[in-house]
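Chain residues, written in single-letter form:
Number of protein chains: 2
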Amino acid sequence: MGTKGNINRQRIVEAADRLFYVRGYNQTSFSDISDATGLPRGNFYYYFKTKEDILDAVVESRVESFSQMLDACMQATSDPYGRLQAFVSMPLQSEQVLQYGCPIGTLSAELGKAQSEHDSRVHMTAVFDLLRHWCVDQFVALGVSAARADQLAMDLLARMQGVVLLASVYNDRAFLQRASRDIQAWLETVIKH
Amino acid sequence: MGTKGNINRQRIVEAADRLFYVRGYNQTSFSDISDATGLPRGNFYYYFKTKEDILDAVVESRVESFSQMLDACMQATSDPYGRLQAFVSMPLQSEQVLQYGCPIGTLSAELGKAQSEHDSRVHMTAVFDLLRHWCVDQFVALGVSAARADQLAMDLLARMQGVVLLASVYNDRAFLQRASRDIQAWLETVIKH
DNA sequence: AGGGGAGTCATACGATTGTCCAAAATTGGC
DNA sequence: GCCAATTTTGGACAATCGTATGACTCCCCT
Chain Z
58 MGTKGNINRQ RIVEAADRLF YVRGYNQTSF SDISDATGLP RGNFYYYFKT
108 KEDILDAVVE SRVESFSQML DACMQATSDP YGRLQAFVSM PLQSEQVLQY
158 GCPIGTLSAE LGKAQSEHDS RVHMTAVFDL LRHWCVDQFV ALGVSAARAD
208 QLAMDLLARM QGVVLLASVY NDRAFLQRAS RDIQAWLETV IKH
Chain G
58 MGTKGNINRQ RIVEAADRLF YVRGYNQTSF SDISDATGLP RGNFYYYFKT
108 KEDILDAVVE SRVESFSQML DACMQATSDP YGRLQAFVSM PLQSEQVLQY
158 GCPIGTLSAE LGKAQSEHDS RVHMTAVFDL LRHWCVDQFV ALGVSAARAD
208 QLAMDLLARM QGVVLLASVY NDRAFLQRAS RDIQAWLETV IKH
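Top to bottom, those sequences are chains Z and G. Just so you know, our numbering puts 83 at position 26 of the first sequence, and the rest follows in order with no gaps. Just so you know, our numbering puts 125 at position 68 of the second sequence, and the rest follows in order with no gaps.
Since the hints were made in silico from the structure, they are not lab data. It is possible that some hints are incorrect.
Identical copies look the same in the list; a pair holds intra-copy or inter-copy alike.
With a straight-line cut-off of 25 Å between C-alpha atoms, the simulated SDA-like cross-links for lysine to any residue are [claimed, not checked]: (1) 106 x 155; (2) 108 x 80; (3) 106 x 84; (4) 249 x 189; (5) 108 x 149; (6) 108 x 179; (7) 106 x 241; (8) 106 x 71; (9) 249 x 122; (10) 249 x 67; (11) 106 x 150; (12) 108 x 183; (13) 249 x 202; (14) 106 x 74; (15) 249 x 238; (16) 106 x 70; (17) 108 x 89; (18) 249 x 97; (19) 108 x 84; (20) 108 x 67; (21) 108 x 87; (22) 108 x 86; (23) 106 x 83; (24) 108 x 172; (25) 249 x 100.
Let's have the full structure, built from the sequences with the hints guiding it.
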């Protein structure tokens, strides 16, 4: 197993991840990734047979990235309510969210459009499922029933997605902060049911 | 002024509108619009100098379309609260929302990505501004202060966007219906402040 | 030390992209 | 029914897209 090989593969995935986020998947060409990495285009096909394979690797990378962030929320406190609070405040700590929106939401919206063949929606539900199940776990730990916990998790994700979308459309940092506080306040009222 | 000219121009805009919604702006080619309309590609450039000009016309068309829908909400009842309820239930009546998401939200997410030159974000804020100001008017008519009305309008739009996004990601009609009812319930608690 | 696989690189392919143009066809005013 | 303006048409354009290939270099293993 080549050690340098995985290094280049990782560089490709990292550059593609950033470019897919900033410019979108369809608007990112192999030349763009080539320019960003310094690697010739022909080299990509040693690691990935097709562009969609790169997308798969990027999605996998984002799953890993969000998984680490959830771990950080877990280690912040042992209180499930505090963990959810930390989760809600997470978009506030990203500088790029206001410019390019949510990495999951915008990519899902893009891949939700009709392609020629593959229905890529399956990919992004994986990332959303990660967050969804984690939220369900927190709500269940707070004594909520499983069915109700799933409803609350969906509501929470929907509210965060909507807030980030509108904040990025209007480039409105103040709204992002205020709406995040409102979500946290809503969480508080929901817990003491 | 040619009468047939405007007919063809309208056909182009209608086909582009549908294709931009179903397949996305960047993924829609001139050939696609040509196939959908039966008009040769060369004819497009008599009415539009560039592809972005077609996008402008499509956005203008969507503004008109949403404006008519708001008028329908206005004529449904004279009660501002009932009008807002009708507005919230609007995504429920669209069959395609579950498949392709919100026509405004998804296009905004796509155009919010970094292009080479033009910052097209200005276009979509126009459509969101239409809904935003209309909601503000309804809240003000209910006796809410202007500043608070704008906050409520942003909250309402954000919640609807988030619900539609997650519902389309999971293709979950039941969630779309339940979450819409929750938004309407939230509206009720907000009004009697 | 040299054979072989892992990894790199330049180049090229056919298809498609947005753009443009110069005729042909159509139209309306007189 | 003629002429000028408007509209239509089909093809050509340079560029770029994702894909593919084959020769090249490097390094490890026996």
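Verification of the supplied hints:
For a Cα distance limit of 25 Å, the shortest separation of residue 106 from residue 155 qualifies neither inside one copy, at 34 Å, nor across copies, at 32 Å. Taking the shortest alpha-carbon separations for residue 108 and residue 80, both the intra-copy value of 15 Å and the inter-copy value of 18 Å come in at or below 25 Å. Proximity of residue 106 to residue 84 under the C-alpha cut-off of 25 Å is found in both arrangements, the shortest distances being 19 Å within a copy and 21 Å between copies. Taking CA atoms no more than 25 Å apart as the test, residue 249 paired with residue 189 passes inside one copy only; the shortest distance there is 21 Å, against 32 Å between copies.
Proximity of residue 108 to residue 149 under the C-alpha cut-off of 25 Å is found in neither arrangement, the shortest distances being 32 Å within a copy and 35 Å between copies. When the C-alpha separation of residue 108 and residue 179 is checked against a cutoff of 25 Å, the pair qualifies only within one copy, where the shortest distance is 17 Å, while the shortest distance between copies is 31 Å. Proximity of residue 106 and residue 241 under a CA criterion of 25 Å is satisfied in neither setting, with 44 Å inside one chain copy and 49 Å between copies. Taking identical chains as interchangeable, the C-alpha atoms of residue 106 and residue 71 lie at most 25 Å apart only when both belong to the same chain, with a minimum of 17 Å there against 37 Å between chains.
Proximity of residue 249 to residue 122 under the C-alpha cut-off of 25 Å is found in neither arrangement, the shortest distances being 32 Å within a copy and 43 Å between copies. In this assembly of identical chains, the alpha carbons of residue 249 and residue 67 never lie at most 25 Å apart, being 45 Å within a copy and 55 Å across copies at closest. Taking CA atoms no more than 25 Å apart as the test, residue 106 paired with residue 150 passes in neither setting, with 36 Å inside one copy and 42 Å between copies. Taking CA atoms no more than 25 Å apart as the test, residue 108 paired with residue 183 passes inside one copy only; the shortest distance there is 19 Å, against 34 Å between copies.
Taking the closest pair of Cα atoms, residue 249 and residue 202 come within 25 Å of each other only inside a single copy of the chain (13 Å); across copies the shortest separation is 30 Å, beyond that limit. Proximity of residue 106 and residue 74 under a CA criterion of 25 Å is satisfied intra-copy only: 17 Å inside one chain copy versus 34 Å between copies. Proximity of residue 249 to residue 238 under the C-alpha cut-off of 25 Å is found in both arrangements, the shortest distances being 17 Å within a copy and 22 Å between copies. In the homo-oligomer, the alpha carbons of residue 106 and residue 70 lie at most 25 Å apart inside one protomer (14 Å), although the nearest pairing across protomers, at 37 Å, exceeds that limit.
For a Cα distance limit of 25 Å, the shortest separation of residue 108 from residue 89 qualifies both inside one copy, at 13 Å, and across copies, at 22 Å. Neither within a single protomer nor between protomers do residue 249 and residue 97 lie at most 25 Å apart by alpha-carbon distance, with minima of 57 Å and 63 Å respectively. For the homomeric pair residue 108 and residue 84, the shortest alpha-carbon distances inside one copy (12 Å) and between copies (15 Å) are both at most 25 Å. Proximity of residue 108 to residue 67 under the C-alpha cut-off of 25 Å is restricted to the intra-copy arrangement: shortest distance 15 Å within a copy versus 36 Å between copies.
Taking identical chains as interchangeable, the C-alpha atoms of residue 108 and residue 87 lie at most 25 Å apart whether they share a chain (8 Å) or sit on different chains (23 Å). Taking the shortest Cα distances, residue 108 and residue 86 sit within 25 Å of each other both inside one copy (9 Å) and across copies (19 Å). For a Cα distance limit of 25 Å, the shortest separation of residue 106 from residue 83 qualifies both inside one copy, at 17 Å, and across copies, at 23 Å. Taking the closest pair of Cα atoms, residue 108 and residue 172 come within 25 Å of each other both inside a single copy (14 Å) and across two copies (20 Å).
For the homomeric pair residue 249 and residue 100, neither the shortest alpha-carbon distance inside one copy (56 Å) nor that between copies (63 Å) is at most 25 Å.
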